[in-house]
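Undergrad: The lines below spell out each chain.
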Amino acid sequence: MGKTKNSEITALTAADLSKALKAGEVSAREAAAAYFDAIEKTDGDIGAYLTLTPKAALADADKVDAARRAGEKLPPLAGVPAGVKDNICTAGVRTTCASKMLENFVPPYDAFVIKRLREAGTVMLGKLNMDEFAMGSTTESSYFKKTRNPRDPSRVPGGSSGGAAAAVAALEAAFALGSDTGGSIRQPAAFCGVVGLKPTYGSVSRNGLVAFASSLDQIGPITRDVRDAALVLNVIAAHDKGDSTSLDREYPDFTARLGEDIKGLRIALPVEFFGEGLCQNVKASVMDAARRFERLGARISEVSMPSLAYALPAYCVISSAEASSNLARFDGVKYGYRSDDYEDIDSLYRRTRSEGFGREVKRRILLGTFALSSGYYDAYYKKALQVRTLVVRDYERVLSQHDIILSPVTPTVAYRLGEKIGDPLQMYLGDIYTVPVNIAGLPALSLPCGADPDGLPIGMQLIGRAFAEADILRAGYAFEQDAGVRFSAAQSGRRAAASPAGIE
Amino acid sequence: MDADFEVVIGLEVHVELKTESKIFCGCSTAFGAEPNTQCCPICIGMPGTLPVLNEQVVRYAVKAGLATNCSITAYGKQDRKNYFYPDIPKAYQISQYDLPLCTGGYLDIEAEDGLKRIGITRIHIEEDAGKLIHKEGGGTLIDYNRCGVPLIEIVSEPDLRSAAQVRAYLTKLRAILLYAGVSDCRMNEGSLRCDVNLSVRRRGEKAFGTRTEMKNLNSFQFITKAIEYEADRQIKLIKAGEKVVQETRRYDQASGKTYSMRKKEDAHDYRYFPDPDLAPITVSDDLKSALLAEIPELPDARKKAYVSRYGISAYDAEQLVSDRGIADYFEKSAALTAYPKLLANLIITEVFRLLPPESADIPVSPEHMAALATLSGEGRINSSVAKLLLSEMWENDRDPALIVAERGLEQVSDEGELARLVDEVLAENPRSVVDFKKGKEKALQALVGRMMAKTRGKGNPQKIQALLRARLSDGEKREN
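Protein chains in written order, with this note's numbering: chain A, 1 to 504; chain B, 1 to 480.
To be clear, the hints were calculated from the coordinates, so they are not data collected in a lab.
No residue lacks a Cβ here, since even glycine has one placed at the ideal position from N, Cα and C.
Some clues are possibly wrong.
To give a feel for the contact side, a few chain A residues facing chain B, derived at Cβ under 7 Å [claimed, not checked]:
| hint | residue |
| --- | --- |
| 1 | Y109 |
| 2 | G208 |
| 3 | S214 |
| 4 | H239 |
| 5 | S244 |
| 6 | E322 |
| 7 | R329 |
| 8 | V333 |
| 9 | Y337 |
| 10 | E343 |
| 11 | S347 |
| 12 | L372 |
| 13 | S373 |
Subject to a maximum C-alpha distance of 25 Å in a straight line, what follows is the list of computed PhoX-like cross-link-like pairs (lysine-lysine) [what the hints assert, rightly or not]:
| hint | chain 1 | residue 1 | chain 2 | residue 2 |
| --- | --- | --- | --- | --- |
| 14 | B | K18 | B | K215 |
| 15 | B | K215 | A | K241 |
| 16 | B | K81 | A | K362 |
Covered, in the sense of this in silico footprint (three residues per stretch, anywhere, with C-beta under 8 Å from a C-beta of chain A), are these stretches of chain B [stated by the list, open to error]:
| hint | region |
| --- | --- |
| 17 | 41–53 |
| 18 | 191–198 |
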């Protein structure tokens with residue numbers, strides 16, 4: 001031990017680091033230390049982390065090392081360092097949701113997924129930046145700071161799990177947990193050239209995830225490659241009695257079928273996902289991927305999903321409506337920010353919420369409050385639920401005849417900082433390919449499939465049937481292997497060298 | 001109240017269910033704990049926490065519905081009622097909006113002119129709020145112990161027409177819920193609270209008047225007073241040509257008046273929507289039958305049995321069945337005496353007087369109570385001795401026959417003995433004798449009183465009266 005250089009440790013995927021730890025080539029303490037070293041060197045430029053927890057991390061790492069020395073059989077990810085999006089509650093570690101409202105909020109409990117990570121022996125490095133309360137697509141709505149895209153620091157990392165994707169891309173974490181309400185894992189993964197998985201709604205407990213839109217939120221992994229995504233999903237997918245929307249079912253080993261061929265796999269390309277507004281580079285890249293799948297033996301066919309046109313407005317209504325209620329508890333009475341200046345309970349509420357929330361959060365609360373108001377409920381919320389049913393049926397129809405749906409993740413590559421923040425409608429449109437999946441509750445994998453001429457990553461999205469994560473992981477893995485994609489670290493400030501993936 | 005007017009009342013009754021733990025978390029529901037010692041991140045709405053429905057709540061609510069003749073929904077859901085107030089830490093209350101667990105039931109009450117059926121619109125489940133304690137001199141404290149205690153809200157049709165009917169309805173409802181075993185129904189602990197919706201109209205009118213709502217009334221006394229005051233207020237307004245305003249009013253216990261709290265236009269828009277954190281509630285036919293089987297014989301069935309078996313009046317029977325504990329006690333005791341009607345009377349008058357409100361904790365054994373009824377029934381003690389014995393037994397539960405024997409309390413019915421005493425009393429009280437002969441009936445009562453004193457309360461009052469009358473009229477004849 002001790003001979004491996006820090007940069008060599010952080011260059012390893014979670015799976016490879018796991019092997020090195022198991023073989024005794026690296027200790028958990030060395031791995032954690034290597035990541036804190038990397039964070040110290042690069043995070044000043046990237047800004048992925050809001051809170052670092054080196055003391056607890058090293059102590060946890062020592063426990064793993066001691067257990068390994070004692071000959072205990074450890075789970076695969078034991079000793080692997082990870083970052084966690086700052087809307088996932090961590091006992092004793094402040095959980096801010098990147099909001100002034102929760103700037104000093106320290107939960108006394110761990111989220112279910114954090115308990116699972118602890119049981120698996122992973123080492124938490126710290127908490128990652130995000131859009132405030134996960135509302136945004138650029139991480140620019142964070143109250144605390146902007147995060148830069150490691151592939152090009154003039155660009156955003158995407159959002160809302162921008163810190164998580166940037167940390168993984170910049171080798172500041174072996175993997176990270178994000179959350180995805182309308183694309184918040186998949187879109188930043190695509191922008192940063194990493195892999196992101198939104199699991200089926202109900203497969204990962206939301207217990208301890210500060211809710212944005214309860215019927216859409218789902219926690220998932222952001223990783224260097226597909227195998228790592230499967231490894232992390234193995235840890236976090238589980239039934240939790242503490243979440244009524246968590247399904248009581250058995251989950252397979254998601255790595256088991258990686259490497260199986262995909263001959264005969266039926267892949268659908270919805271024409272609605274390749275129409276107006278899709279940037280040519282992205283379209284070309286995803287179509288190339290489709291042809292590669294075909295060469296690998298998959299059967300590609302075009303399909304039409306007419307309801308997709310209405311998915312985005314329905315999402316806006318449903319997510320805002322739920323958010324308006326979920327965020328009502330931040331009222332200055334019990335915890336979090338409270339205005340200094342109030343005369344009575346009404347002014348306490350008004351000023352606390354006016355001062356504690358940022359613009360985007362207020363916009364959605366207002367939108368959602370309006371949509372649920374008496375006299376408007378039927379026209380907006382009820383209608384949106386009807387659309388939701390149509391979207392669900394459309395997916396069911398297509399997925400009854402196909403195994404997987406292939407689409408772009410985003411219409412364009414990563415935006416420049418400041419490019420979209422002033423135009424919320426434009427920003428919402430960027431979620432047009434990811435949102436319908438949340439509406440339908442399906443699993444979707446976002447993985448790199450190319451780069452634009454400037455070397456900016458392009459992602460594709462593989463959507464599967466409910467609880468068929470194994471299918472999309474197998475397909476994604478086959479693509480990754482065949483394309484010879486090797487994750488390469490993005491170096492801050494060296495965009496050209498930061499090709500996300502060495503596509504053959 | 002003005003006889004030209006009729007008052008129309010509908011009730012919303014909130015009842016705390018007697019589950020061990022709260023509706024969405026494992027915290028205790030026990031009443032009276034130190035503030036904020038029975039709460040957790042879930043019931044105080046901390047970020048990231050999620051509710052998980054306590055299934056016992058559904059079972060109890062369905063039982064309440066079955067016991068009040070409701071239809072039970074096969075598919076229910078829970079909705080969020082959104083409003084800002086510090087007693088509701090999530091800023092929404094989880095309740096049920098358009099798919100309540102129970103709908104379309106009824107219960108029967110003894111109204112002024114006999115049996116009356118009162119419709120029950122719906123019963124739904126929801127969580128209770130915390131308690132605000134406003135400190136003297138400013139500042140408010142919040143106790144979240146009650147937050148998340150399971151409630152059912154029972155909404156009646158506007159079928160009630162008087163404070164007495166409201167009282168009868170609440171008594172009956174309380175009895176049924178106690179029998180079904182779903183709640184303690186302790187008004188003094190707030191486990192049964194009542195919102196009163198009230199309007200008035202001229203007799204014969206079909207349309208309802210504009211209603212007001214009085215919230216959170218928690219004693220029979222306040223409910224009665226609030227109804228009387230509010231009905232009178234509305235009638236006066238209408239007679240003066242003014243209009244009743246639809247609003248929420250607060251009943252002030254000190255002044256006995258109601259005050260406007262919130263006008264209709266200021267009413268909250270609760271923005272109800274289905275709670276996405278909770279799964280739909282399904283009630284299978286099997287569960288329904290199982291719960292139905294768990295419900296014991298209900299008050300109405302018992303009442304019917306008492307009327308036919310013991311020959312007591314419907315009104316008295318209604319009193320006896322109003323508390324399951326009392327009714328059980330009565331039945332046990334009635335089996336041991338040949339005088340169940342006397343027993344019923346003893347319980348309704350004397351026992352109810354001695355019992356604290358909402359209690360069925362009778363410190364006298366049913367055997368001893370039966371013995372007391374038998375002593376009365378057999379004429380061995382008079383009613384004032386019975387009363388005396390009961391208060392003694394209340395303190396120290398003994399066989400009343402023993403007390404009677406020890407203390408020589410047996411009724412003096414021996415005619416020779418009584419006749420001798422009558423002579424004494426007449427001789428000692430010539431004034432009363434003269435008064436009686438002048439036609440003063442009262443004078444006879446004075447003489448009876450003297451007789452009771454001479455027998456140390458044990459005289460048989462009927463016999464004494466008869467003897468006195470006979471002797472006094474004898475004298476008249478002789479003088480003639």
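Undergrad: Now look at each hint and say whether the structure bears it out.
TA: Hint-by-hint comparison with the structure:
1. A cut of 7 Å between beta carbons decides the hint on Y109 of chain A: the least distance to chain B is about 6 Å, and the hint holds.
2. Using the Cβ-Cβ criterion of 7 Å, the hint placing G208 of chain A at the interface with chain B is satisfied: the shortest such distance is roughly 4 Å.
3. At about 4 Å, the closest approach between the beta carbon of S214 of chain A and any beta carbon in chain B falls short of 7 Å, and the interface hint on this residue holds.
4. Given the 7 Å rule on beta carbons, the hint for H239 of chain A is violated: about 12 Å separates it from the nearest Cβ of chain B.
5. Contact between S244 of chain A and chain B, as hinted, is supported at the beta carbon level, the nearest pair being about 5 Å apart and thus within 7 Å.
6. With its C-beta approaching chain B no nearer than about 6 Å, E322 of chain A sits inside the 7 Å limit, and its interface hint holds.
7. For the restraint placing R329 of chain A at the interface with chain B, the shortest Cβ-Cβ distance is roughly 5 Å, inside the 7 Å limit, so the hint holds.
8. Contact between V333 of chain A and chain B, as hinted, is supported at the beta carbon level, the nearest pair being about 5 Å apart and thus within 7 Å.
9. Hint on Y337 of chain A is violated. Least Cβ distance to chain B is approximately 12 Å, over the 7 Å limit.
10. Given hint, E343 of chain A at the interface with chain B, is violated; its Cβ is 12 Å from that chain's nearest Cβ, farther than 7 Å.
11. A least Cβ separation of about 12 Å between S347 of chain A and chain B goes past the 7 Å threshold, and the interface hint is therefore violated.
12. Checking L372 of chain A against chain B by beta carbon gives a least distance of about 4 Å; that is within 7 Å, so the hint holds.
13. Hint on S373 of chain A holds. Least Cβ distance to chain B is approximately 6 Å, under the 7 Å limit.
14. Of the supplied pair hints, the one linking K18 of chain B and K215 of chain B holds, its CA atoms being roughly 22 Å apart against a limit of 25 Å.
15. Taking the CA atoms of K215 of chain B and K241 of chain A, the gap is about 37 Å. The hint is violated against a cut of 25 Å.
16. The straight-line distance between the Cα atoms of K81 of chain B and K362 of chain A is roughly 20 Å, inside the 25 Å bound, and the hint therefore holds.
17. Residue count for the region 41–53 of chain B with a Cβ under 8 Å from a Cβ of chain A: 11. That meets the three needed, and the coverage hint holds.
18. Judged by the Cβ-Cβ criterion of 8 Å, the region 191–198 of chain B is not covered by chain A as claimed, because only 0 of its residues qualify and three are needed.
Checked against the numbered hints given earlier, this structure breaks hints 4, 9, 10, 11, 15 and 18; the rest are met.
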